[in-house]
Amino acid sequence: MRIVVIDSQSLTGHMICHYLMEQTRHELYSTCSASGRGRSPNRLFLDPLDSLMVDKLLQSLRPDVVVNCSGIVYDEARQHEVDAYRVNGLLPHQLAELASGIGFKLIHLSTDSVFDGERGSYEERHVPNGSSVYGKTKALGEVIRPPALTVRASLLGPAAEGREEGLLNWFLHRKGTARGFVNVQWNGITTLELAKFIAYAIDNAAGLGGVVHLTASHTISKHELLLLLQEAFDQREISIEPDDSVVLKRTLASTRADVRYPARSHMDMIAELRGWMVNYTMQGR
Numbered sequence: 001m002r003i004v005v006i007d008s009q010s011l012t013g014h015m016i017c018h019y020l021m022e023q024t025r026h027e028l029y030s031t032c033s034a035s036g037r038g039r040s041p042n043r044l045f046l047d048p049l050d051s052l053m054v055d056k057l058l059q060s061l062r063p064d065v066v067v068n069c070s071g072i073v074y075d076e077a078r079q080h081e082v083d084a085y086r087v088n089g090l091l092p093h094q095l096a097e098l099a100s101g102i103g104f105k106l107i108h109l110s111t112d113s114v115f116d117g118e119r120g121s122y123e124e125r126h127v128p129n130g131s132s133v134y135g136k137t138k139a140l141g142e143v144i145r146p147p148a149l150t151v152r153a154s155l156l157g158p159a160a161e162g163r164e165e166g167l168l169n170w171f172l173h174r175k176g177t178a179r180g181f182v183n184v185q186w187n188g189i190t191t192l193e194l195a196k197f198i199a200y201a202i203d204n205a206a207g208l209g210g211v212v213h214l215t216a217s218h219t220i221s222k223h224e225l226l227l228l229l230q231e232a233f234d235q236r237e238i239s240i241e242p243d244d245s246v247v248l249k250r251t252l253a254s255t256r257a258d259v260r261y262p263a264r265s266h267m268d269m270i271a272e273l274r275g276w277m278v279n280y281t282m283q284g285r
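Here UniProt numbering is used: position 206 in the sequence shown is 206, and no number is missing along the way.
Do not take every clue at face value.
Claimed, not checked - Think about it this way: if two alpha-carbon atoms lie no more than 25 Å apart in a straight line, the pair counts; the simulated DSS-like pairs of lysine-lysine are:
hint, residue 1, residue 2
1, 222, 196
2, 249, 222
3, 175, 222
FYI, nobody ran anything at the bench for these hints, they're computed from the structure.
All chains should be modelled from the sequences, with the hints used to inform the complete structure.
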């Protein structure tokens, strides 16, 4: 099966690429910015702002599956609002049109940030109401009708080589003290767990569509999450101080009975991620 992962340098894209490369039955292509060119003949340059380039690339590759990991996130989205609307909001719908014409399965990655975090336990049926530029543009880009599959999740994982992004990267380089928010609820997953779900979705592509929420088996606070990370990664040079100043309930609830993918505990997912990162470093990948 020919698979294209768009943006192999993103927090999600590089993990999905590494995981799928281990599935030798697939013919994997990925896209990157100019700085990532030349590392693999199957890693291709793509400017997600260039709709003609997107069209030409996918028309030439004619893939079976496209996994869209591109995105302009958080502060960058606020600082480059027009680009955020184009990449987060419009590109996914261009991909959906190409999917219809070429005949590939589109798997699009979204985020819990499409919700405002006031009520918590957001289900797939709930209407996005996030107010940030990132949240609004990602909501605009969701392809909610089958056969496309849009995956919402909050994610934790290592940054790609040369990148500095995400909570885990911040925590592993932190010294001194860190605030752990006791009133910020979280039931997200690791990027490794997301990659495993993507492999599951590819194997079950014909039967999965619409919006699906991926969550852990239970909810914890961000304070508890930092404590789990401290234990798993043996970060003894940091003191985690509880902080109750922020209240946020941006948890997701999975209600799709047709998605037979088991939810796992944070402890298990983080331990597995730690093992993967050690193995990845030892192999020099």
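Going down the list of hints, with the structure as the test:
Under the criterion of a C-alpha separation no larger than 25 Å, the hint pairing residue 222 with residue 196 is consistent with the structure, at around 24 Å. In summary, the hint linking residue 249 to residue 222 is supported, as the alpha carbons are separated by about 11 Å, within the 25 Å threshold. Between residue 175 and residue 222, the direct Cα distance comes to roughly 18 Å. Compliance with the 25 Å bound is thereby established for this hinted pair.
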